[in-house]
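The task is to assemble the complex, starting from two chains supplied on their own in separate frames and drawing on the hints.
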Amino acid sequence: MDTKVVKEGHELYAVTDSNHIRPERYTSPTFCADEHDRMWSRVWQMACRVEDLPKVGNYVEYEVGDQSVLVVRHGEGPQDIKAFMNACRHRGRQLANGSGTFRGRKIVCRFHGWAWNLDGSNSTVFGGDLGFDPSIVRAEDVGLLECKVGVWSEMVFVSLDPEVELLDQYLAPIAPVVRPVAVERMRTVWWHQIQVDANWKLCLEAFMEGYHVCYTHPQMIFANKPDPGMPNSLILKTLQHGHTYFHPNPDGRNWKQEYTKEAAQVDPFDRLVDTLRTLSPVLQREIDVIESLRGKPVPQGSSVEAEAIKAVYADAALRGVEMPSPQVALTWGSVYHVFPNLVIYPFFGNCWLMRARPNGPDKSLVDIWLLTLPGKGEQFPKPKCEGPYRSDDADHISLITVQDFGNLEPVQRGMKTKGLGALRLSNRWEALITHRHQEIDRYLGLR
Amino acid sequence: MAVKAVTSVRVEPLGVTILVEPGETLFDAAFREGLEWPSTCYGQIECTLCATRITDGREHAKPMGEEEQHALKYRYAGDSDPRDLRLACCLELTGGDVVVFKSGVRREQSK
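In order, the protein sequence lines correspond to chains A and B. Counting from 63, one number per residue, gives the positions in the first sequence under the numbering used here. Counting from 62, one number per residue, gives the positions in the second sequence under the numbering used here.
It is possible that some hints are incorrect.
In silico DSBU-like links for lysine-lysine, alpha-carbon gap of 30 Å or less [said to hold, decoys possible]: (1) A:K117 / B:K65; (2) A:K425 / A:K446; (3) B:K163 / A:K446; (4) A:K358 / B:K123.
FYI, nobody ran anything at the bench for these hints, they're computed from the structure.
So here's chain B without its partners, still in its complex pose (with noise of 0.2 Å):
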């Protein structure tokens, strides 16, 4: 399809729904959208804190790329399948609805 589709992003528990934009990542998304997004390497691919399951539509979401697979398999330390998740700061989406579950994504508190 030509035309670039904006993604619609349901992110559960808090369940806010948020738009990416094409080209632009889920972690990216969520602060411009006035989220914070647990991280602590903010987007450097290192941390793997972001790491998200998509509960749904999942065949909307861009293929892994090789920093994402390597950060996932050697630096996630967390109690989920890694094959489950993708980094929020990598996952690039293709337009639809997606849902996604994230504890501790909050409303910005700062500012």
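The shape of chain A in the complex, shown without the other chains (with noise of 0.2 Å):
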């Protein structure tokens, strides 16, 4: 008999073995406030893109749970952007929300016309002297409330902490790794928002093991039946600070290597081509360009992934595209997650982004951006965001995603059964999982 389920505490969630985890983490709303005012309100979030703040008076706002920030460009140089926390030091009015300018350099409350420079100084209380005590309303407390700030790879992080380690130690363990992939080169293609009926965690989590690919994502599977050691194709990798990283086994069975006798029925060419179609990173030009392959004999001692590899950094160099070291392609179909809530996946020359955020335990708001390395020459306009789209939305949603999501809802309302207990999890497959977990706990104060 589980008597841990009668008592609401978050103590009775804390993760005790690798191999357990309490469904509560996701379905209490106790724990759920417990993440905000001990987990959010301390570590660095990614709260937008470098391209977001292209003029002098750009602003984004950058909302986790009830604390909304706004990140504002206040000059020219790569490194004059501020945040601040949303709110007028009079009476507490949000001062703007969503995204655009602050016009005349100045940030402007609505309610009394409180009003304020770039860089946080207040410039007017307005009728200040004839209406307030000059000791409430002295310059240095008036100034907007400030976040802690840090840019990476084109990503605008902030913190709430005033006392948060610096940005690059907080990244230290996983900014190498990454650094090969060269994201901070690629602009935005596309920017989505998804609305998840489950908690943020979980949106996360399918990103984080391989182990559902055989039955979520059936097509991406070789030889077209359900291979138990499927998993074991992917080298986990757990980091400090929580973050984490699984990259293809070398030694594995992946895309790039020999097929099993059944696999060798199908086309290794149509083979190739349709497991690099469902793969959210690939363009449509890179479809195109290997397509251009098909029916051309294979180099003795080459391979059909090598000579499309070939291909995709012949048409890159073609445009002028300055493309990641060969080595990297080694590396493609890793996929790296930053701590809490931020997942990197590259492929070719491009990058797919993944944050998710928690709106109460049970829903969350997921964003997704399509990052590409430019060509020569070739401009980006400012991103724009679009959605929030339904988790089903076929029409706006990759295929991948859309059976990812589609897991979710079913299994946030599943975790909530009673009796269930605490779920099971594979240490050799579902580590990454455990890894976060356990870095919450930290945050929480049950480590």
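This is how it looks when you write it as structure tokens:
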């Protein structure tokens, strides 16, 4: 008889061994509130892209829980980005929502007309001398509340914790692993928002293990039959600060490897193209380039895959794209997780970014960006957020993502089952999931 | 005309000439060029303090939108006839040479 569920209290939900996770960690309003109070208020989190702030005065609102932050470009320099808590120092009115431009280089409250310069310093307390005791509105007390801000790989990170460690230190375990992919040179092709009726952690966990691939994405499996050894084709890495990643095992079975007997009956070219079509960070342009190889003989000692990569690099060279080193090709299929909620999934000269934020325990707002390396002289407009789409909107969301999100809502509901007890995870295949839960517990004071 | 033209605007009585890009408002161009233009709402189409009179080249002004009309009709509290005025924070121009009159425009003081 499991007595732990009788009482609500986050300490009961701690991860005590790496094989079990309490479902309440996904479903409990108390646990969700604890995450806000103790984790979201302290971590570095990706607020927007530098591309969102091309001009002085541009701003983006970033919300997490009931906290709202304004990320503002206050000068022309690459470092001239600040972040402020979105509240007037008079009566607390939010100063702006969504994204846009603070015009005339002023941030103005629409309630009583208090105003600030783009660097957060107060420029106007409307009627201040007449109505306020001077001690109430001293300049040093009425500047906007500033948040910690940092830039990595053209992404702007913020932290609500004034004492947070430097962003460079926070990212030190994962940044060098991601660096060869050249995310910092990529620009946004599109940006979608998706509403998912599932806990934010669940949204990210679909991208932390390969165990679900055989049944959730049958189009991706080799030999057209489920292979229980398939997840062994991924090597999982857990890093400090809760970051994780997996990469393809060069000795395992993946899209670059020899096929099984059954698979050999499928034309290797067809299978390669079919697989690439389903991968989120692969563009139609690359599929077209690879398709142009159809029917051409594969040179002795080469392979369909090697020829495909050559063709993609040749096309990129024609367009003046500076591709990552060919060595990076060995890591394609890797997925990187920046704690707590950012996924980086590169392929070819592209990258898929995903961020999930909680809206209570049972709902999430997911952002997905597709990035690509620009060709010579190629200009990209300021990214425009499309959506929010429903998680089953196959017209706007890729097949893989619809398939992944299709599991999440039934999981979220099923986890509320009375008497279910702890969830059972594979140490070998699902270790990245447990690792993040353990890091969350460190923030919650449970480890 | 296919080519979008920059508009040259002389701001009197200060006597400064600024260039307004296509799609840009007079207000935004002024700040970009280092001027401070009277306002308390800073481009939120509320205070109407940026209201200005076009004294020459009126034909280069794009027509008013609803928000601007509404603000000038119901919120403008100055002495001029609001029918002679445009809000600088809304005013876009189509090229050529324009002269406007606006007291209180000055070169950026701080920084």
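For the pair supplied as a hint, A:K425 and A:K446, is the alpha-carbon distance within the 30 Å limit?
holds (23 Å)
Worksheet item: Within 30 Å, alpha carbon to alpha carbon, are A:K358 and B:K123?
Response: violated (59 Å)
Just to be careful, I want the Cα atoms of A:K117 and B:K65 compared with a cutoff of 30 Å; is the pair within it? holds (21 Å)
Does A:K446 lie within 30 Å of B:K163 when you go C-alpha to C-alpha?
violated (36 Å)
Comparing the model with each earlier hint shows violations of hints 3, 4; every other hint is respected.
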